[in-house]
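Enquirer: I would like the entire structure built from these sequences, with the hints used as guidance.
So you can see what is in the structure, the chains are spelled out below.
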Amino acid sequence: MATLTELDEDECSALLRGNHTGRVAFVSGERPVILPVNYVLDGELIVFRTAPGQKLAEIPMRHVAFEIDGTTADGSAWSVLAQGQAWEMTDAIGKAAEALRAIPIPIQAPGDKDHWIAIKVTQLTGRRIQ
Amino acid sequence: MAFEIDGYQPETGVAWSVIVAGLATEILSGIEWADVHNLPLFPWHVAPKGHFVRIAADEISGRRFRAPYAGASGFHHTPPP
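Order-wise, the sequence lines are chains R and C.
For the first sequence, the positions run 2 to 131 when this note's numbering is used.
For the second sequence, the positions run 32 to 112 when this note's numbering is used.
Careful, some of the hints might be misleading.
Stretches of chain C that chain R covers, calculated by requiring three or more beta carbons in the stretch to come under 8 Å of a beta carbon on chain R [to be verified]:
(1) 60-69
(2) 73-79
Not everything, but these chain C residues come out facing chain R in the computed CB check (under 7 Å) [unchecked claim]:
(3) ALA33
(4) GLU57
(5) ASP89
(6) PHE96
(7) ALA98
Computed Cβ-Cβ distance ranges for the label pairs, DEER-style [as the list claims (entries may be wrong)]:
(8) C/VAL77 with R/ALA103: 43 to 51 Å
(9) R/ARG128 with C/VAL84: 17 to 25 Å
(10) R/PRO105 with C/TRP47: 20 to 28 Å
Source of the hints: derived by calculation from the structure; they are not laboratory data.
Predicted, not measured: the structure shown is a model, and the values here were computed from it.
Where a beta carbon is used, it is the ideal one built from N, C-alpha and C, also for glycine.
Expert: Here is the structure:
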């Protein structure tokens, strides 16, 4: 019999820190869109890079959702949902912004991704099914 | 509704994703319900999930690219703490 457990915030953070591929969901016009990105968790910021396009046009200064999930060798499955406001950090001034732009993000998709976006996580939930 | 799947093939180093967009409706009527209730859907969690939702896809797109280092750095999930 499968059981569902809510993960606490520390577990959710650890999972976000230990993974580098997630899915960012946002509203474009009146429609929802969800796209995979490579990211790094830096404190309470989910940081990713992108090229000019839909993500850059629609995500900054908006509320977005971010999801990762996985399975483990023991047969359990988990997912983490982060929500918060997103900001473009490409031209942001200050030491914190410079430090953020120095984070190495393991990008796999081709193309120049010279814009930095950070999601400030304000809601973090997760669950595990065992 | 937007719906996304993605994956990575370690043998070929290829990463891919598919996005579907469309209107979602709950299937309530008898004949439609008869169509779907035998679909091989196996929710991982066994709590009663008695509602069927259908997304009528009006846009579908996908991409694929070689990501030779994905297995080492990104697409492997870590176990829960």
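Enquirer: Against the structure, test the hints numbered earlier, and report the numbers of the ones violated in rising order.
Expert: The structure breaks hints 1, 4 and 5; every other hint is satisfied.
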